[in-house]
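A.B. asks: Start from the sequences and build out the full structure, keeping to the hints where you can.
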Amino acid sequence: MASSATISRPRFRCFDPSNSYPATPDHPRYFSSAVSPTSSSSSSSSSPRENGFRSTMAISNNSEPKIVTGEGGYVLEDVPHLVDYIPDLPTYPNPLQDNPSYSVVKQYFVNADDTVAQKIVVHKDSPRGTHFRRSGPRQKVYFESDEVHACIVTCGGLCPGLNTVIRELVCGLYHMYHVKRILGIEGGYRGFYARNTVPLTPKVVNDVHKRGGTILGTSRGGHDTSKIVDSIQDRGINQVYVIGGDGTQRGAAVIFEEIRRRGLKVAVAGIPKTIDNDIPVIDKSFGFDSAVEEAQRAINAAHVEAESVENGIGVVKLMGRYSGFIAMYATLASRDVDCCLIPESPFYLEGPGGLYEYIEKRLKEDGHIVIVIAEGAGEVLLSESLRKDEQDASGNKLLQDVGLWLSQNIKDHFTKQRKMNITLKYIDPTYMIRAIPGNASDNVYCTLLAHSAIHGAMAGYTGFTVGPVNGRHAYIPFCRVTERQNKVVITDRMWARLLSSTNQPSFLDLKEVANKVAETKKEDTEDQLIDGENHIEATAASNPK
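Whatever position you read off the sequence shown (first residue = 1), add 14 for our numbering.
I should point out that these hints are in silico values taken from the structure, not numbers from a laboratory.
Incorrect hints may have been included.
Within a straight-line C-alpha distance of at most 30 Å, the following computed DSBU-like cross-link-like pairs (lysine-lysine) qualify [claimed, not checked]:
#	residue 1	residue 2
1	K241	K224
2	K298	K425
3	K224	K194
4	K439	K501
5	K133	K194
6	K120	K194
7	K298	K375
8	K433	K375
9	K133	K120
10	K138	K194
11	K224	K298
12	K217	K133
13	K138	K298
14	K378	K298
Between beta-carbon pairs, the in silico distance windows are [as the list claims (entries may be wrong)]:
#	residue 1	residue 2	range
15	D297	E85	44 to 50 Å
16	D128	P366	53 to 59 Å
17	N125	L363	20 to 26 Å
18	R511	G250	24 to 30 Å
19	Q499	R311	23 to 29 Å
20	S455	E161	34 to 40 Å
21	H192	V458	23 to 29 Å
22	V212	G86	46 to 52 Å
23	P366	D139	23 to 29 Å
For every residue, glycine included, the Cβ atom is placed at its ideal position computed from N, Cα and C.
C.D. replies: Shown next, in the form of structure tokens:
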């Protein structure tokens, strides 16, 4: 990284509406030129940032991301550090260097300047682009083992792998950093001030990864920032590990801001959790692989039912409030699905090119059809009498059962209007999928997430979430994973692969279909599908987040 790296004006907001601080040397968010790391010692009263930049940041309410720039268009979206607002914290040697389990490792610690590129497909003249700080153990830590009093909280809906993350946080803290005081917060955020805590040890969590759900319990809402931080302060907690989705990560960001405002030496680390895989920046969220795998059982059952009778129709509703990743990947993995409906791809029922026409075509050709629909698909088609503007405690819109609605409409259309005898079976495995333990792939992934969070907190980083970016785990500012939702891009190659697999129509606009769009227009649409990934990358480059 260039020694002349400076802070730059951010391109997006976290919390500060003013969105302005100057890139001047006397500004508290300015990072001066790189300095060499301090020599190893048992403690240090003057501790420059391990990332090679010395921060003179004072306590303030400015919550803008820390942007460090370098040569060749290099941009580092850094995460906060305890020394940003508590100067001159002592450092200590990392206990991992004396851990026999790590004695065979050639390089104990991550290089201080290692970063992970957000975009890895580039052209020869492309700028280096946005990077995030690479996760992993650092040579110096900002907590002594006996000093650490950690807590773990799970919030939001259930997801495969939750107990695995809890187990690996406890075992990682205990075995890697010799931390003995670890609390489990029961019942989500409100558990900080309204519920009991549970002491956690490796013995307590030894077999929890074999169970679904969360041993700590969970809830939606209940976020009272002052009460939560008061509880953290009163209990002497100095490391907070928060497991939850985008709403939970927003709550963790607010907790971090209040902790920073009070000047407390408390590290806040988030581990993103969403079964829908709708958290941006990271490659995927834990529990997603398990959900796709379990969804196969429901799809297989629907396929058996449908092909065993004349004019059999199997409808399976899968999770996906705003993002259809589970439905899309389960469809691609199954090969038995004839139509996949997701929130990102609008569809219509009647008329040329509509769903009813396609269903009738498949029934005549194959004698059966299997339809997978994500829970958030087709919301615009629901009648106003069925739709409600209600929300749950997390602020998520309460959705009507679109699968049940679609099944009833299909029955009515074919039995009453088309006078066809059909047999329709509707399967909703939502809660069966949420409640399973993580599979082998997710268990390994949960271990990496937990360890990354531990290494970051011990190294003094705070106000961050962890996750893989292009296969490398990184520390990501809270605001990057809460600024938007990850959605299926229907101009991407993956959606084109699905359309090719199911042979379903793309459900273009009804007027376009009725007017028989010119062949050249169709070719343009096909080209757009094929070039979708490049288009998305170009859009991201021209509109950086």
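A.B. asks: Taking the hints in turn, state whether each one holds.
C.D. replies: Tested hints:
no.	hint	result
1	K241 - K224	violated, 34 Å
2	K298 - K425	violated, 37 Å
3	K224 - K194	holds, 23 Å
4	K439 - K501	holds, 29 Å
5	K133 - K194	violated, 39 Å
6	K120 - K194	holds, 28 Å
7	K298 - K375	violated, 36 Å
8	K433 - K375	holds, 15 Å
9	K133 - K120	holds, 28 Å
10	K138 - K194	violated, 51 Å
11	K224 - K298	holds, 22 Å
12	K217 - K133	violated, 41 Å
13	K138 - K298	holds, 28 Å
14	K378 - K298	violated, 39 Å
15	D297 - E85: 44 to 50 Å	violated, 27 Å
16	D128 - P366: 53 to 59 Å	holds, 56 Å
17	N125 - L363: 20 to 26 Å	violated, 57 Å
18	R511 - G250: 24 to 30 Å	violated, 53 Å
19	Q499 - R311: 23 to 29 Å	holds, 27 Å
20	S455 - E161: 34 to 40 Å	holds, 36 Å
21	H192 - V458: 23 to 29 Å	holds, 24 Å
22	V212 - G86: 46 to 52 Å	holds, 50 Å
23	P366 - D139: 23 to 29 Å	violated, 46 Å
Hint compliance for this structure: hints 1, 2, 5, 7, 10, 12, 14, 15, 17, 18 and 23 are not met, and every other hint is.
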